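**Q** Read top to bottom, the protein sequences are chains A and B. One rule links them: number in my numbering = place in the first sequence (from 1) + 278. One rule links them: number in my numbering = place in the second sequence (from 1) + 69.
Quick caveat, the hints were computed from the structure, so don't treat them as lab data. Keep in mind the model is a prediction, meaning the values are calculated, not measured. Glycine included, C-beta positions come from ideal geometry on N, C-alpha and C. Take the hints with a grain of salt, since some may be wrong.
Computed from the model, here is a short list of chain B residues facing chain A with C-beta under 10 Å [said to hold, decoys possible]: (1) I395; (2) E464; (3) S533; (4) F615; (5) Y639.
Counterexamples of contact, computed for chain B against chain A with all Cβ distances above 10 Å [said to hold, decoys possible]: (6) Y208; (7) I253; (8) L294; (9) I371; (10) I556; (11) E559; (12) R626; (13) N662; (14) V679.
Next come the chains, spelled out residue by residue.
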Amino acid sequence: MPQPQPAGIYAAVYITSESTGVGGLSKIGLFRRIEGDSAWVNLRPNTITPGMGFSNNGVRQQLYLAGGNGLHRSTDWGATWKVLTGWQTKEVLSVAIHPVNPGILYISTPFGVFKSEDGGAQWREAMKGFRTWYVRQVKIDADQHDWLYATGEDALYATRDGGESWTAMSVGVPGIKTLFQHPVDRNILLVGTEDHGVRYSVDRGKTWLVPEGLASSAVYAIASTRDGSQIYAGGFRTGLWRSGDRGRSWTHVWPADEIEAIYAIFVHPKNSAHMLVGTNGKGVFDSVDGGYTWRQAGLPFAHVKEIQRYP
Amino acid sequence: MGIQQSGRGTSMGALSPMKTFALTFMATLIIVSSGFSQSSFEERRLRLLKVASGERERSFQTVAAKTLLGADTSYALVMLDSLSHDEAIGGMFYSYSLIGCYLHVRHLLPDSLHRKVRDAYRLRTMYRGDTENHWVMYYTGLYLAAQTWPSDGGRQWFNGKSSSENFREAEEWLRTWFTISSTIGQGEFDSPTYITTFVPPMLVLYDFAADSTMKKYAGMMLDLLLADFAFEHLKGNYGGGHSRDYPEDIINPLAAPSTLWAWLYFGEPEFAPWNETRYRPRHRGGWDPVYGALSTYRLPEIIVNIATDRATPYVHTETKRVRNVIRFGDQKNPPVFKYSYVTQDYVLGSLHGGILQPIQQHTWDVTYVSDKPNNTLFTLHPYYSGEELAMFFPEEKKFLADEVDRYHKVYTNPNKWNSSSPDEQTFQHRNAILVLYDIKPDSKHKHIDGFFSKNLDVMNQDRSGWILCKAGDTYIAFYSLRNFKLIEEEVNWRWRSHEPRNGVVVEIGSRAEDGSFERFQNRMVALKPALIISGHSVMLRHKTRFGDTMEFVFDGRRILNGKIIDFKEYRFFNGPFAESDLGSGIITLKYGNTRRVLNFNDASTRDYTVE
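Just chain B, same shape as in the assembly (with noise of 0.2 Å):
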């Protein structure tokens, strides 16, 4: 493959493609306004170009929807001059952006801007960062930059390489990721947050790359990432286990950036989530959807239609990755089980426990449709240590705690609502979940915490022990085998247990389901699960009202009526829209009796209907 010359335009020539394209867009908005009653990708990806044009936020992807819509043009230009030399920023996240906008608008720039954004590749450190995402973004960016200025030398580069050698280095890396991504899974799967670190830049590369086997995979890739969404997504929420995600997103599943993500590709939520004040996206990745309004990258409609067909319920499990251990540890990448039941109503979901990511894992919740936020209800042992750092980190674990907590300011809290513990295990089967804690000595904190909505349509605590929910056409039954307490909070109740060895019990139901809400607590009241605490042993016993009998040793056997349940029988996707072997690189997403074959062994898709 080659690297290409990118054509460069003049600000005298730029006026008038700029005028062209925004009276082009603007009609093409006029037509798609009027003559759609329903929300199609079309008129989505409009209206949010048009609405990031009306934006005062300094961004490149703002830039972008204001230079092609000429919409305050001269304002954007001002803003992309300040981004290009501002020596404040810099790094992967400015990498990849930087060349998106800057191959979007090319076109329309004036000269002086073409040379600043070309020095910023010279002058600004791109660091490369030390996760999943900040490298998908670094060796995007550096890519595309490498293929648009591809003879330079290394003295035009900020790490002293040639355009050949960084364009090299670029697509090895973005290679491998390809391949680990499609075999073992991402470290850094399913998170509502991170996702929109993974989206963009393959947006761009699928838009910019000029070898067409690297535009293949970066459009399967994004085929990917976003079944990888669909299989857990309900009307907006990313639900099941994730692997990162910010507290205020956990608590209110609406506020994360991949709502903006749903609703452009898959149309849900229904509503546009920047006129939502409640859900209105934070600054972390509020605009980033701009590149998705921009890309020639079409989102296949069978993964639309996985992401939206509710009508079943059904169980999909995933195997990911434990993202990169350097300490304490005999495998790199160890295998994360992941187990969802997705209804029309409500996704449960959980990660099989442990520590599996640092800082920000989220490993159960069961999050309801609703019309009101923090639509979520999940238990979790706080935990911090230098130990779980120093397994991912370079740096000294008697201090990396302290040191991770003046970025992520809630490390340390006793009442954070994200954490990876050693002392938590879950055991699911369709919407019956045990979770099982037995919090070490050493353990900082030595409390469980769960969270109650104070937006749930009843909350009743009954003498049989069950804490009995009601949140629209969802129900929640909630068993706590030990002593708690709960403790209000502004927008949620705390259940709280100092219970080192404790365990919790929880089954949702639904309308479609069970009926009416006093038939399934009446279904519930009659059940009564079981701590057995023997030694060493912590187990957790209960059977569902369904009639299934679950079994689960903490670090031992998890046994479903009477079978043991095997990890290793998890394939890499498994369930009615997606089917994969570990290892393959090769996934079928599956709706009705359509088919498509993702095949990242030689780059290759394949759509057919099966009879």
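So that you can see chain A by itself, here it is in the shape it has in the complex (with noise of 0.2 Å):
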């Protein structure tokens, strides 16, 4: 039996464009590229896959798949797979793994925010504070690990007690989409809005500012390369933006006229002229030249949602 293949690099497809009605779900899911190598290979077909999570805590390496119908975990790189939720949760839009204690887990739902304390066995609400629902993602502080902030519909909200209750920010805009925490100045957040661009704070988030560029389209996806010194954007007929400041300014670095929405951006930690972005309907797109110029990169027609590298 050879041994599962855990390093390389992580895509979430939610769905493809080139399948028609239930029966075409074949070739979404979790996939996953050897680095230096081509070929995606699907860990987890017929499951329609907004998100993704690793928790590299302990004895126990696992993956986990936010899903259509559940959040999944696969302890063997996804040879088999289990779905830790029930029928409660619904669709589970992103995971965020505690990095001390990988038992607790957060996920994001259309119907709010579900927190486990015992990896995954049960499930509570995590919703007080909240005035609307839907929740795109939920992700945890870098350093204060029971603070979070959580994606809404009409705010950006912030818990510092695990959950247990939230407080909207007063970003100024609705439509939070995704949020990026700088990986170096942790007081440095970032959110992109549905029709209001990026908004940025220098204060972890008690006040907003409204930056030079970027200010006015829908923005899905913000990464970063490993030090933070540049910063990348995307959204709806956006192309990709970069930010050298810390997000105050934005300039275009690629039109991308044939991609309709970026919905996530990787940039190689080891070498940050390496980038891949996910689009909706046409795949994987990747650059070596710091996103100057790209290639297709593979999973044609999937909307990819979002990649991520392991370890």
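Assemble the dimeric complex from its two separately framed chains, guided by the hints.
**A** In structure tokens:
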């Protein structure tokens, strides 16, 4: 029996523009590409996959898939899976795994945030303070692991007690789509919004500012180089934008005329000139020159919601 | 309740019971066919099985029919073998229909097929889906599969959960669905298409649930689903407003999958749908009623009577619920108010309007008895938007409309025949309906369409402004308050108005209600509805031919003879054939002096007569 191969780049495929009807789900799921290889392997076919997560703490490494029919976990890197959630949680849009205690899990769903403290065996709603249900993403603060952020339809929500209660942050615009925390200066937060581009905060969300450029479109994805010196953002008919000053100003890097929307951005941690983007309906695109030129890099027709690398 | 171990036949042992069953069945068929001149349920179900057993179409239902009748059995087993390991199919439709077929025929199967069917629940992803009907099919399949293989660990299941975990989850959700459906209603209510995704799972659950309470609930849900159809049923047609339907079925009501269910359980229409090429069920749901024909469930006589007795016209109202709202709303399941007027000749029915279901809503129509297809008339605003879809689907609203267009080919089409629109509202009183349109500037399509069948016997545009139609014994008077044109199409005239603020008034009559068509016309042309537009307000006022005054303000009040209509007074079901209070979980079916009470609070039914 060959040992499972965990290292690689993972892509979450939500749907594919190729499929028609319920029977056409075979080209969706969680895909992995071994670095240096061009082939994507589907680790969980037939599963609408908005997101993923990794747990690398402790003895057991675990791979999570946020799926249309629940939160899936694999402890053997995709060979076998178990759905952890039941009927109450419906679709799972994102997962956040506590970096120190991997038994603590958070998921965001169209009907709010749910939390498990026993590795997914039991779940409870963690929505006190929310005014709306739909939560696209939930993320754990990189320093304070009881602090979390959740992107709601009407506001960005934050908790400082592990999800017991939440407070709406005054970003000033509704439709928060994605949240980014600077990898070095953790007080810097950026959000992508439905119709108001990017907003940024330099005080961990107490106050929010409007940047120069990229202030009036739909932004679904924000990512940065490992040192945070370059931040990238993209969304609906935006192409790819870059900020070299921690989100204060943005310049257009790639028009991406052939792509309707960028869902996901990945910058290789060891080579920041190597980037991938996930698109809606055009699969994955790849750049090796810091985002100036791109080529299609597999999963044609796929709606790729998230791209991550492990380890 | 426990999970029971299934029995298994062997390949050698299977032949004997198969032959026995087939011979018994054929003998029964001969007796039934010769003994009745009037079609009975027993006769219809055997006829359906016989026809389905001759089908070459690959489906679990035809496999079950062929296998149990001993007709072309070897081909049936090849079909089942192919279906059980075809990786191109899976999901919730597969989940319930595979286990349904398997449990019906397992005593006749060779060992190899037992293994393949079992493996399907390990290897195939039984995707749960995202709609009410998906979940009913998924959890019914999971419940019965977990019951059938009760001791397996997570590695034997596609989702990694053990048999007991899957069983418990499925049971919990099914019980929750029974409660919701019997207290605030279905979200996918009264659908001529999707009824065929709710009834068959409940049939196999009724037939094979080992737990007596679950079996009881399944039977009660079948009563409720079929009674809900019966209230608005007319000669095979599913009348009234529908949560979801396909354009082909909306403009040709007897083409819908519900027709075959009506034929099987209500005995109407009198013709067998598969023999009528113009009404032939399309692929979708074509042979699902085989599970009804095989089932031990029997529709209570009171529901058959409710479905077929149209001697006295009646008003029937219902409260349903909007599908789960995930964004842009402050209620997860706002109420839907439904009004139907049913006679021996037609059903005029409506939902109160607005966005109640994404994509496939059918807000109002009159459907009339006819020996010709396309026996309906309605109007709609062909609306689409990312906001509408994002209310119900988690994808980004910027491109949801295009995504949905790939699956439901006509979603953005300006000529589509199904639509929910925030710019359309109705007000119905008996056989008269006012429909108001206030199309906002940001709506993508700024016109209103109406469907007039070319099969109408008469369609006259009168100088008075009324369009007067006759179809058999049904009369229709249609009045547009603003300009319109008629566009000829293949099977219909498309009434189209480019006036964004418009209203239509429709009154329906019949030989029974009005005498001659001439008398009906004379009554109607004397009436003059009024559209009053003042600032942001759009109001329609009309006095019907029976003297009722209706006044209707868009997004405002509905007033009937000086009294404001208060939707808060709507009950869960209310009419001569049913009554139920919202949230009670108790539905009383009524016919003559007979009563049947469905009490979902304690899974009980009670039949009695009143003095």
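**Q** With reference to the structure, classify each hint as holding or not holding.
**A** Now for the hints, and whether the structure bears them out:
1. I395: holds, 4 Å
2. E464: Holds, because the Cβ-Cβ distance from E464 of chain B to chain A comes to roughly 8 Å (cut-off 10 Å).
3. S533: violated, 48 Å
4. F615: Violated, about 46 Å.
5. Y639: violated, 26 Å
6. Y208: Incorrect as stated: the minimum Cβ-Cβ distance to chain A is 7 Å, not above 10 Å.
7. I253: The assertion about I253 of chain B holds, with a minimum of 17 Å to chain A.
8. L294: holds, 21 Å
9. I371: holds, 33 Å
10. I556: Its Cβ never comes within 10 Å of chain A, the nearest being 30 Å, so this holds.
11. E559: holds, 25 Å
12. R626: Non-interface label on R626 of chain B holds, nearest chain A Cβ at 30 Å vs cutoff 10 Å.
13. N662: At about 42 Å from chain A, N662 of chain B clears the 10 Å cut-off, so the statement holds.
14. V679: Given a closest Cβ separation of 40 Å, the condition holds.
When each numbered hint is compared with the structure, violations occur for hints 3, 4, 5, 6.
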